[in-house]
Amino acid sequence: MSAFRFSTTTINVASLRDALADPAAGGYAAFEGWVRNHSDGQAVTQLEYEAFEALAAKEGERIVDEARRRFPILKAACVHRVGDLEIGELAVWVGVSAHHRDEAFAACRFIIDEVKHRLPIWKKEHYVSGDSGWVNCERCAEHEPSPRPSPAPDYSRQIALEGVGPAGQAKLRASRVLVVGAGGLGAPVLSYLAGAGVGTIGIVDGDVLDASNLHRQPLYALADIGKPKAELAAARLHGLNPEINIRTYAQRFDADNASTLLSDYDLAIDCSDNFATKFLLNDACVLAGKAAIFASVYQYEGQLQLYRPDNDSACLRCLWPEATRDGIVGNCAEAGVLGPVPGVLGSLQAIEALKLLLDLPGQLAGELLILDLTTYETRRIRAPRAEPCTGGACARITALKGPEDSIDGLEVSFASLDRARRAGYEIVDIREHREVAVEPMMGVPYTHIPMGSLLADPHALDPEHRYLLVCARGARSLAAALELRHQGVPRVYSLRGGIAGL
Amino acid sequence: MAASTRTIRVQYYALLREQAGRNEERLVTSAATPAELYAELSRRYPFSLVREQLKVAVNAEFADWSVALNDNDSIVFIPPVAGG
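Chains as they are written, first to last, in the numbering used here: chain L, 1255 to 1756; chain A, 4 to 87.
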């Protein structure tokens, strides 16, 4: 028997229902449409349905087929009456059997909505007044193009998974996740969590979109350049899933707001691009006893780590007790990165987040995952919680601090390098060879030692001399000067603003 | 007895990979610990990171810099990375 048909006689629900039975079915949902006694304020006494049957039956079959493809259901059927019907009579019947009730309800709703919307059926209403009138079917697609009902998120593909199901979907709906950074890692994390129906997502990002972001942040568009990324991301996510609650914090995640931001969420995902933020988020999560998923990328590779307060997994400081200073190891701007690399690592963060929220097996625990995307070599390095933290809160983390304070007077300003020379500084250009080749420094004696070589051999600098480190914008020279001071070189300074600031 | 040597597999990541100019290598060394091995390699390659800024893993487990190296150990030097 076909899944959709017209009937000129009373619909026999019992036999239709029996035909949907299946040993694997956990339930069945049905909808019955009845003839009512009023229409647009007029009392109705009788109704007559007429369909363009050849066309309508085919369209009906298509609708039931679509429901079977969209939802993980077992059986579905629909019968529509044609001819004369009395008040209270059954005009249309839809039935769906499925493993779980959510799919049965959703598919049943889908079928009746589409039938009302798409089937070429007319009804002639007979009014108490003795008049009668033909009324077009609700909105026949074949006859009048009209807006479809606004589409709703459909989680059927993940609900079909054994590890998810309706109960898992409800867990996701109740989950609250804070995503720090809406960049290369954040783009896939935010997209997948919103798509999955995570009920509340917070987005922290104080930056505006730059053209150089787009190759690895396909969440955005060229027309968005210069706009705040937190707001842009929220708009995209709302378009993807209007059912979820999206909160934006267009600000930097810092020591002052960290605890407050975190307090509203169950899980934090680190999608930031600097050590200061990563370590701050780590410390805030450890202090608050919240789980965090960290990822970082470098050129063609990445690292992934999951911290959970309730198992013995390492936090960032178990591995790196002293927060690494920014500028020492290249970030995306300095070292370069292939666009899909943060895409892959961010996708892995989304997977770990969903595994954690759904309580699925196989979560990263007490290990650091290192993935080299040039060779596909994956290393899982065991990283248990470090000694001072075992059995409780981390002994190293007692309060939230921003990045290590700069040393007073480390940065100096000059209008020209010549003036710096005359003030007694020896100029050291610490830029990479390729940068120097493109934009050499002119008109002043200087030494060129790329930052890597300089930090590798700080004793090439004479402790009696005074050095001014110079880079393109002043960030790397500041980090290098700070590092050299820590290594015991006393008179190194950084040119504020770098060459761009001269 | 002459200082013993051992064959070690070393893998480099991130900045170290760039500075060593390779993903990995197999080498014969007289270094007895990861600390000695890193010092030896630092003489060969322009590594900018000092040992304190790195982690070392021996046979897929984070290890102390002073642990004894054995023949056929697999060593990974891991710098922290921050890109996102």
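Certain hints may be false.
To be clear about the criterion: a stretch of chain A counts as covered by chain L if any three or more of its residues have a C-beta under 8 Å from a C-beta of chain L, and this derived list gives those stretches [stated by the list, open to error]:
{"no.": "1", "region": "29-36"}
{"no.": "2", "region": "42-52"}
{"no.": "3", "region": "73-82"}
Because the hints were derived from the structure by calculation, they are not lab data. Glycine included, C-beta positions come from ideal geometry on N, C-alpha and C.
Structure-based check of each hint:
no., hint, verdict
1, 29-36, "violated (count 0)"
2, 42-52, "holds (count 5)"
3, 73-82, "holds (count 3)"
In terms of the numbered hints stated before, the structure departs from hint 1 and from no other.
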